[in-house]
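Peer 1: Protein sequence lines correspond, in order, to chains A and R. Quick note on numbering: numbering that gives the first Met the number 0 labels position 13 of the first sequence as 12, and the sequence is numbered without any gaps. Quick note on numbering: numbering that gives the first Met the number 0 labels position 235 of the second sequence as 234, and the sequence is numbered without any gaps.
Just so you know, the hints here were simulated from the structure itself, not pulled from any lab data. Glycine included, C-beta positions come from ideal geometry on N, C-alpha and C. Please note that a few of the clues may not be correct.
[To be verified] Think about it this way: if two alpha-carbon atoms lie no more than 30 Å apart in a straight line, the pair counts; the simulated DSBU-like pairs of lysine-lysine are: (1) R:LYS341 - A:LYS145; (2) R:LYS353 - A:LYS111; (3) R:LYS367 - A:LYS111; (4) A:LYS230 - R:LYS341; (5) A:LYS77 - R:LYS152; (6) A:LYS262 - R:LYS295; (7) A:LYS166 - R:LYS341; (8) A:LYS170 - R:LYS353; (9) R:LYS467 - A:LYS226; (10) R:LYS152 - A:LYS111; (11) A:LYS262 - A:LYS230; (12) A:LYS254 - A:LYS52; (13) R:LYS341 - A:LYS115; (14) R:LYS295 - A:LYS72; (15) R:LYS353 - A:LYS166; (16) R:LYS341 - A:LYS226; (17) R:LYS353 - A:LYS226; (18) A:LYS219 - A:LYS139; (19) R:LYS372 - A:LYS262; (20) R:LYS353 - A:LYS145; (21) A:LYS254 - R:LYS152; (22) A:LYS111 - R:LYS295; (23) R:LYS353 - A:LYS115; (24) A:LYS139 - R:LYS353; (25) A:LYS115 - R:LYS295; (26) R:LYS341 - A:LYS111; (27) A:LYS115 - R:LYS372; (28) A:LYS254 - A:LYS219; (29) A:LYS111 - A:LYS72; (30) A:LYS230 - R:LYS295; (31) A:LYS219 - R:LYS341; (32) R:LYS367 - A:LYS166; (33) R:LYS152 - A:LYS230; (34) A:LYS226 - R:LYS372; (35) R:LYS367 - A:LYS219; (36) R:LYS341 - A:LYS139.
[What the hints assert, rightly or not] Partial chain R-side listing against chain A, Cβ under 10 Å, derived: (37) ARG153; (38) GLU225; (39) ASP332; (40) LEU381.
Listed below, chain by chain, are the residues.
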Amino acid sequence: MRGTRATAAVLTAATVPALLAACGLGGAEETSAAGRDSLVIGVKGDQPALGVKRPDGTYEGFDVDVATYIAGKMGVPKSRITFRTTNSSVREEALAKGTVDMIVATYSITAKRRMKVTFGGPYYVAHQDTFVRADATSIKNVRDLKDRRICQVTGSNSWRRVIEERKVAAKPVTVGTYGACMDALAAGRLDAVSTDDLILAGFAAGRPGRMINAPFTDEKYGVGLKKGDLKGCEEVNRAITGMYQDGTAERLLNKWFGRSGLKLTTSVPQFEGCT
Amino acid sequence: MTMSPAPPAAPAPRTAGPGAAPPADPRRAGRLGTFLRGRWLKTIPGRIRAHVVLCLAALVALLAVLTVATGNARDSVQTIGHDAGPQVVATGTLYFALSDMDAQVSNILLIGREHDLGIGYDESLRVYEQRRAEADAAAVQAAQLAGRDPALKRTVQEVLDGLGRYERLVGQAMQLDAQSNHAPGEPPGQVVDAYRQATDLMRLQLLPKAYNITLDSGARVRQSYETKRSAVLAGRAWVAVTGVVALLLLIATQLYLTRTFRRLLNPALALATLATIVLTAAGTGLLTAHAGHIRKAKEDGFDSILQLSRARAISHSAFADESRYLLDPGRADTYEQTYLDKSLSVIYPDLGDKPVNLENYYAGLEQKAAAYKPGEGAVPFLGFFGDEARTAGRGREADALGRTLEAYRAVQRNDARMRRLAASGDRAGAIDVRMGRTSGAIRDFDAFDAALGALTAVHQDAFDTAIKDADGGLRGWDAAPPAAAAVIALLIIAGVRPRLAEFR
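In isolation and in its complexed conformation, chain A is listed as follows (with noise of 0.2 Å):
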């Protein structure tokens, strides 16, 4: 009996370790947006027809509605989202952090922002474009901007595309606001507004005013996810697949941009890859 009784227990002594170390093996999951029951997603919270907060404290715009079909493809409804206005100046901390899961706010994918950031898609490409008043027929492109007054926002860099990446002699007006920017282009104070054409148009809506339809740049609007994700980003980036197929990608650029006079893109863009 003796010897049954010890071979039990040097059996059970060496097993158990080994045991748990072979679950170990397994267990150690990483946070991704993948899977998740809900999701806290981060959008802009005062870009027209992007993301809005309304006043009951819900949000509306393409992106939103961008961010809405995404979760939906990875099985969180709409009643388990929680929408948060996130800032450009805390976009990543935010992701690092894990106070968002997932951002999608007018949030371009560049080289630099890369290295911190996995980011899907991009959802779209949008271009910087220009807005001029109906009767400015003289401006058809960026180098028609030479000498003229344009908006300088504080805080975007959009003024320096033109003037210091396109070196167009621009005269920058520095203006709180892109709205603002609309306003004192209809009282004449100002002779062009040049951004993000999605922005622009998002802006524009019912103003008097032109789109010239001369883009000059590619910002490509990504989902950002925590560096590392590749799994959700890969998930996101098959969802991104479907909203374009299914027509959905159409029609919510339509909904909210349709009126702007704006060309828009309704295939798939080419996605950066999941890094």
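Place chain R on chain A using the hints.
Peer 2: The following block gives chain R in isolation, referenced to the frame of chain A:
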């Protein structure tokens, strides 16, 4: 998988409860009762048999987990090395071939009636046809990979349908071009308009889809790699656990026999123990090595090859943006911007606070890439080659990377020269730089392409070697574990038989 067959030692003395059915055959019921009461365990032969049964059970478990783990290992090398892996790489050709088709068209329209400019009209047409065939072949691979995935299948179909439309649009542009018989760089408006329709279809719809096909199928390979690799590693843990259990049981048997029969060592059992150690060690060793091989094949091979094939496709597409820039002055700004964007995705030198435009790009590239020695120190740039540089080892890979970077700088110097001429109004000079046979833009680009090819070949070799090693390591592992287990089982039985015989 149950690993720890609890020894049926529990001596729980069971008496038939009041609800038990009355035994039909008192003799059989008596034997069963004896067994359940564990009385057989109180005899020495009974205990020896119990030890043997446990040892054999552990051995069978070891054999089972080894079989499962090597099966997973075989699956992983099949997927990465033989099936999906190479197919995904093949779909990368689709983007390249499509992009180069459009590049050839823009070259033909740019040179107009000067059929000998650049690589020449006939050669451009020949390359166009060749790329068309390559695109078809790559689409077939992609369709196979798509399998039962409807979304991916649909994307492949959309590319093929779009390609048909593209060819019709190109046909119209070429016809108008031939009719106009224009001088190089001066295509009439209707040719440019026709080409715009074709190239917009290609660049805005077909190329993004082609790119996404490779990304999506690559994502599948990554997922199956992760799953298979963790299965192999988990299998290794199980092999180690069952091996140790079998080992402890064999040692316990040995100790029991030593104590009961006062003999120093049972040679057959000792041999069985030794063989178990060897089998377990060899099994875990094989799986460790295998996990290493597929990791190398995936990260140093597959990932890098895909990354570099994207870099190649995008560089070719950027090079074509140069001829589009010359072909369509109305859109020169747009094509210059796409050229810059593509160049940035290939190499993104740190520009500090300077505006991101081509002028600063050229300067940043010369400054950062020229000072960089592959394999040494921090990498001062991002982009495809930045990623490549960060993972590059020394030796052959570093040399090939160094040559590629140098050749890339030459390509960008030509670009700067061409744009300077075009901006100063010397379009003929700019066309001569880009298309001329003596000025070298084409020659330098070909040199860059060759250097990039050599760099890709380094990774292809690493991939092939790792897959060969993984295949080689698994060779013989169908037969070896069962044979070894059979030998061990025979040794155990041979070891205890003489002792049991003493009780007959």
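Peer 1: Evaluate each hint against the coordinates.
Peer 2: Hints and how they fare:
| no. | hint | result |
| --- | --- | --- |
| 1 | R:LYS341 - A:LYS145 | holds, 27 Å |
| 2 | R:LYS353 - A:LYS111 | holds, 14 Å |
| 3 | R:LYS367 - A:LYS111 | holds, 16 Å |
| 4 | A:LYS230 - R:LYS341 | holds, 26 Å |
| 5 | A:LYS77 - R:LYS152 | holds, 29 Å |
| 6 | A:LYS262 - R:LYS295 | violated, 46 Å |
| 7 | A:LYS166 - R:LYS341 | holds, 20 Å |
| 8 | A:LYS170 - R:LYS353 | holds, 19 Å |
| 9 | R:LYS467 - A:LYS226 | violated, 33 Å |
| 10 | R:LYS152 - A:LYS111 | violated, 34 Å |
| 11 | A:LYS262 - A:LYS230 | violated, 33 Å |
| 12 | A:LYS254 - A:LYS52 | holds, 18 Å |
| 13 | R:LYS341 - A:LYS115 | holds, 21 Å |
| 14 | R:LYS295 - A:LYS72 | violated, 34 Å |
| 15 | R:LYS353 - A:LYS166 | holds, 13 Å |
| 16 | R:LYS341 - A:LYS226 | holds, 23 Å |
| 17 | R:LYS353 - A:LYS226 | holds, 27 Å |
| 18 | A:LYS219 - A:LYS139 | holds, 24 Å |
| 19 | R:LYS372 - A:LYS262 | violated, 46 Å |
| 20 | R:LYS353 - A:LYS145 | holds, 21 Å |
| 21 | A:LYS254 - R:LYS152 | holds, 28 Å |
| 22 | A:LYS111 - R:LYS295 | holds, 27 Å |
| 23 | R:LYS353 - A:LYS115 | holds, 21 Å |
| 24 | A:LYS139 - R:LYS353 | holds, 27 Å |
| 25 | A:LYS115 - R:LYS295 | holds, 25 Å |
| 26 | R:LYS341 - A:LYS111 | holds, 15 Å |
| 27 | A:LYS115 - R:LYS372 | holds, 25 Å |
| 28 | A:LYS254 - A:LYS219 | holds, 20 Å |
| 29 | A:LYS111 - A:LYS72 | holds, 29 Å |
| 30 | A:LYS230 - R:LYS295 | holds, 21 Å |
| 31 | A:LYS219 - R:LYS341 | holds, 13 Å |
| 32 | R:LYS367 - A:LYS166 | holds, 24 Å |
| 33 | R:LYS152 - A:LYS230 | holds, 21 Å |
| 34 | A:LYS226 - R:LYS372 | holds, 28 Å |
| 35 | R:LYS367 - A:LYS219 | holds, 26 Å |
| 36 | R:LYS341 - A:LYS139 | holds, 26 Å |
| 37 | ARG153 | holds, 6 Å |
| 38 | GLU225 | holds, 9 Å |
| 39 | ASP332 | holds, 6 Å |
| 40 | LEU381 | holds, 4 Å |
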